[in-house]
Amino acid sequence: MRISVQAESFDLGEEVAAFSKEYQDVGAVVTFTGIVRNNDSGTLKEMLIEHYPGMTEKALTEIAERARDRWNLSDALVIHRHGALVPGEMIMMVATSARHRVAAFEAAEYLMDYLKSRAPFWKQEITNDGAEWVAAKDADEDALKRW
Amino acid sequence: MRISVQAESFDLGEEVAAFSKEYQDVGAVVTFTGIVRNNDSGTLKEMLIEHYPGMTEKALTEIAERARDRWNLSDALVIHRHGALVPGEMIMMVATSARHRVAAFEAAEYLMDYLKSRAPFWKQEITNDGAEWVAAKDADEDALKRW
Amino acid sequence: MKVVYFAWVRERIGLPKEDIATDAKTVAELVEELRAREERYALAFSDLGALRVAVDQELTDFDASLDGVQEVAFFPPMTGG
Amino acid sequence: MKVVYFAWVRERIGLPKEDIATDAKTVAELVEELRAREERYALAFSDLGALRVAVDQELTDFDASLDGVQEVAFFPPMTGG
Chain A
64 MRISVQAESF DLGEEVAAFS KEYQDVGAVV TFTGIVRNND SGTLKEMLIE HYPGMTEKAL
124 TEIAERARDR WNLSDALVIH RHGALVPGEM IMMVATSARH RVAAFEAAEY LMDYLKSRAP
184 FWKQEITNDG AEWVAAKDAD EDALKRW
Chain B
64 MRISVQAESF DLGEEVAAFS KEYQDVGAVV TFTGIVRNND SGTLKEMLIE HYPGMTEKAL
124 TEIAERARDR WNLSDALVIH RHGALVPGEM IMMVATSARH RVAAFEAAEY LMDYLKSRAP
184 FWKQEITNDG AEWVAAKDAD EDALKRW
Chain C
24 MKVVYFAWVR ERIGLPKEDI ATDAKTVAEL VEELRAREER YALAFSDLGA LRVAVDQELT
84 DFDASLDGVQ EVAFFPPMTG G
Chain D
24 MKVVYFAWVR ERIGLPKEDI ATDAKTVAEL VEELRAREER YALAFSDLGA LRVAVDQELT
84 DFDASLDGVQ EVAFFPPMTG G
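Protein sequences appear in the order of chains A, B, C and D.
Going letter by letter, the first sequence gives residues 64 to 210 in my numbering.
Going letter by letter, the second sequence gives residues 64 to 210 in my numbering.
Going letter by letter, the third sequence gives residues 24 to 104 in my numbering.
Going letter by letter, the fourth sequence gives residues 24 to 104 in my numbering.
To be clear, the hints were calculated from the coordinates, so they are not data collected in a lab.
In this text, all values refer to a predicted model and were calculated from it rather than measured experimentally.
For glycine and all other residues, C-beta sits at the position ideal for the given N, C-alpha and C.
Incorrect hints may have been included.
[Claimed, not checked] List of simulated lysine to aspartate or glutamate pairs, EDC-like, C-alpha gap at most 16 Å:
no.: 1; chain 1: D; residue 1: Lys25; chain 2: D; residue 2: Asp70
no.: 2; chain 1: C; residue 1: Lys25; chain 2: C; residue 2: Asp42
no.: 3; chain 1: B; residue 1: Lys121; chain 2: C; residue 2: Asp79
no.: 4; chain 1: B; residue 1: Lys84; chain 2: A; residue 2: Glu169
no.: 5; chain 1: C; residue 1: Lys40; chain 2: B; residue 2: Glu113
no.: 6; chain 1: B; residue 1: Lys108; chain 2: A; residue 2: Asp88
no.: 7; chain 1: A; residue 1: Lys108; chain 2: A; residue 2: Glu77
no.: 8; chain 1: A; residue 1: Lys84; chain 2: B; residue 2: Glu77
no.: 9; chain 1: A; residue 1: Lys84; chain 2: B; residue 2: Asp74
no.: 10; chain 1: D; residue 1: Lys25; chain 2: D; residue 2: Glu62
no.: 11; chain 1: C; residue 1: Lys25; chain 2: C; residue 2: Glu81
no.: 12; chain 1: D; residue 1: Lys25; chain 2: D; residue 2: Asp46
no.: 13; chain 1: B; residue 1: Lys108; chain 2: B; residue 2: Asp74
no.: 14; chain 1: D; residue 1: Lys25; chain 2: D; residue 2: Glu94
no.: 15; chain 1: B; residue 1: Lys121; chain 2: C; residue 2: Glu81
no.: 16; chain 1: C; residue 1: Lys40; chain 2: C; residue 2: Glu94
no.: 17; chain 1: A; residue 1: Lys121; chain 2: D; residue 2: Asp46
no.: 18; chain 1: C; residue 1: Lys48; chain 2: C; residue 2: Asp84
no.: 19; chain 1: A; residue 1: Lys208; chain 2: A; residue 2: Glu169
no.: 20; chain 1: C; residue 1: Lys25; chain 2: C; residue 2: Glu94
no.: 21; chain 1: B; residue 1: Lys121; chain 2: C; residue 2: Glu94
no.: 22; chain 1: A; residue 1: Lys121; chain 2: D; residue 2: Glu94
no.: 23; chain 1: A; residue 1: Lys84; chain 2: B; residue 2: Glu152
no.: 24; chain 1: D; residue 1: Lys40; chain 2: D; residue 2: Asp79
no.: 25; chain 1: A; residue 1: Lys121; chain 2: D; residue 2: Glu81
no.: 26; chain 1: D; residue 1: Lys40; chain 2: A; residue 2: Glu113
no.: 27; chain 1: B; residue 1: Lys84; chain 2: A; residue 2: Glu113
no.: 28; chain 1: A; residue 1: Lys108; chain 2: B; residue 2: Asp88
no.: 29; chain 1: B; residue 1: Lys84; chain 2: A; residue 2: Glu152
[Stated by the list, open to error] Some residues of chain B that are not near chain A, with every Cβ distance over 10 Å (derived):
no.: 30; residue: Glu78
no.: 31; residue: Ala91
no.: 32; residue: Val92
no.: 33; residue: Arg100
no.: 34; residue: Glu204
Generate the whole structure from the sequences, applying the supplied hints.
Listed below in structure tokens is the structure:
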């Protein structure tokens, strides 16, 4: 299990290849990658991601351990960036491996749902009109009820 | 959208990197990779995958087009191998990209559920005891009802 | 008409494909003709519930028409992924 | 006690962290003390429903005890992923 909170970019292909290298009783690998998407008017210049050093790593580790135990995962990976990112850049990724596809899918969705609302990150969007904090969505909070 | 039915192995890292290279209005990329898992007694020597040339490509294309239209995907990728594979080898992968995570996840699960039961592949497991056709699971057929 | 077989259907019948001249109007009628041929066909088609059929490379039912059809395929439930 | 602020809470209060000497027994009592300090605190803590709190880097509620606590953090709902 690897958790990384980092300012540097990551190479999705290399991460996936490394994650999927050691097979032991694994039939399914799922990855999710989050990318900075431009706003509807295409005016996003930068996304600034703030986080809570110390707590972030703890929260991500707890979330990943809960997913691993609940779905009996072979392995899990979480990478989340902070700092200034431009549209098209990868923000974060998770990967899960398990015996069967349903476990790998559900665990990856669980990781994402908890990352969205329970990991101490805050996003701010910078456009020519200024800076605006991204508001948490009710739908993201509601998504946790599934688990 | 790319569909590939092939005997050759594929490089997951390279495929994911290539798939995720062009971002246009994409916030989420999901990949699923299926791997030959050994049986519980660890005696699997080979998995032989037979398919129906011509129909396979048609069926996979139809499934991917339906997923693309239903979830408004930016892109979708399906790679499925046939021939002789050993435990640990990658059998297949799908990738989906969309604006939001829920669409990318659901579309990838839809692709997998339909691939399992509606794409003309048949698996045979070779052990020292001989060759045995893998039986379709009721759970896989039931999974289609979700959609 | 080209008739193709996959997986254990192919193994039971003993060949992957054959050309068959038939007046069968539906898949079900074709199955009846094949069953009457030889024991290996009767065995392969003994339980239609365990079989699937594609007509011109599209999955269909056993009551599908063979009108204008060029290729019929018989096989067990698929196990892709 | 170390008190840290993130996102618009940090912006409204105007600093990322500070050391506070307090006799507050709960987070809610600490919030009352802070609100009474200055307008910028009153503004930052005007709607507790829009705030989240962590005590020693664990998410908790506003009625959490501060007994033995070293670090309290205030911030808006998180937007990771």
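Here is what the structure says about each hint:
1. Restraint check for Lys25/D and Asp70/D: the C-alpha separation of about 22 Å exceeds 16 Å, so the hint is violated.
2. Distance check on the hinted pair: Lys25/C and Asp42/C sit about 5 Å apart at the alpha-carbon level, within 16 Å; holds.
3. Taking the CA atoms of Lys121/B and Asp79/C, the gap is near 11 Å; set against the 16 Å cutoff, the hint holds.
4. With a C-alpha separation of about 26 Å, the suggested pair Lys84/B and Glu169/A falls outside the 16 Å cut-off, and the hint is violated.
5. For the hint linking Lys40/C to Glu113/B, the alpha-carbon distance of about 14 Å falls within 16 Å, and the restraint holds.
6. For the given pair, Lys108/B sits about 14 Å from Asp88/A by alpha-carbon distance, which is consistent with the 16 Å threshold.
7. For the proposed pair Lys108/A and Glu77/A, the alpha carbon gap of about 27 Å is over 16 Å, so the pair is violated.
8. A distance of roughly 14 Å separates the Cα atoms of Lys84/A and Glu77/B; the hinted pair therefore holds under the 16 Å criterion.
9. Taking the CA atoms of Lys84/A and Asp74/B, the gap is about 11 Å. The hint holds against a cut of 16 Å.
10. Between Lys25/D and Glu62/D, the direct Cα distance comes to roughly 21 Å. Violation of the 16 Å bound is thereby established for this hinted pair.
11. Under the criterion of a C-alpha separation no larger than 16 Å, the hint pairing Lys25/C with Glu81/C is consistent with the structure, at around 14 Å.
12. With a C-alpha separation of about 13 Å, the suggested pair Lys25/D and Asp46/D falls inside the 16 Å cut-off, and the hint holds.
13. Under the criterion of a C-alpha separation no larger than 16 Å, the hint pairing Lys108/B with Asp74/B is inconsistent with the structure, at around 22 Å.
14. Restraint check for Lys25/D and Glu94/D: the C-alpha separation of about 5 Å stays at or below 16 Å, so the hint holds.
15. Of the pairs offered as hints, the one joining Lys121/B and Glu81/C holds, with about 9 Å between alpha carbons and a cut-off of 16 Å not exceeded.
16. A threshold of 16 Å between alpha carbons decides the hint, and for Lys40/C with Glu94/C the separation of about 10 Å falls inside it, so the pair holds.
17. The hinted pair formed by Lys121/A and Asp46/D fails the criterion: a straight-line CA distance of about 28 Å is larger than 16 Å.
18. Restraint check for Lys48/C and Asp84/C: satisfied, since their Cα atoms lie roughly 13 Å apart, inside the 16 Å limit.
19. A hinted pair counts as satisfied when its Cα atoms are at most 16 Å apart, and Lys208/A with Glu169/A qualifies at roughly 14 Å.
20. Restraint check for Lys25/C and Glu94/C: the C-alpha separation of about 5 Å stays at or below 16 Å, so the hint holds.
21. About 15 Å separates the Cα atoms of Lys121/B and Glu94/C, which keeps this hinted pair within 16 Å; it holds.
22. With a CA separation close to 15 Å, the supplied pair Lys121/A and Glu94/D stays within the 16 Å bound.
23. Our distance criterion of 16 Å between C-alpha atoms is met by Lys84/A and Glu152/B, whose separation comes to about 10 Å.
24. The suggested pairing of Lys40/D with Asp79/D holds, with an alpha-carbon distance near 14 Å, which does not exceed 16 Å.
25. A distance of roughly 9 Å separates the Cα atoms of Lys121/A and Glu81/D; the hinted pair therefore holds under the 16 Å criterion.
26. Distance hint between Lys40/D and Glu113/A is fulfilled; the C-alpha atoms sit about 14 Å from each other, no more than 16 Å.
27. Simply put, Lys84/B and Glu113/A have alpha-carbon atoms about 26 Å apart, too far for the 16 Å limit, and the pair is violated.
28. Distance restraint check for Lys108/A and Asp88/B: the Cα-Cα separation of roughly 14 Å lies within the 16 Å cut-off, and the hinted pair is therefore satisfied.
29. For the suggested pair Lys84/B and Glu152/A, the alpha carbons sit about 10 Å apart, so the restraint of at most 16 Å is met.
30. With a least beta-carbon separation of about 8 Å from chain A, Glu78/B fails to lie farther than 10 Å from that chain, contradicting its non-interface assignment.
31. Once the 10 Å rule is applied to beta carbons, Ala91/B is inconsistent with being away from chain A; the minimum gap is 6 Å.
32. In this structure Val92/B is not separated from chain A by more than 10 Å, as the shortest Cβ-Cβ distance comes to only about 4 Å.
33. A beta-carbon of chain A is positioned within 10 Å of the beta-carbon of Arg100/B; the least distance is around 4 Å.
34. Against chain A, the non-interface label of Glu204/B holds: every CB pair exceeds 10 Å, the least being about 14 Å.
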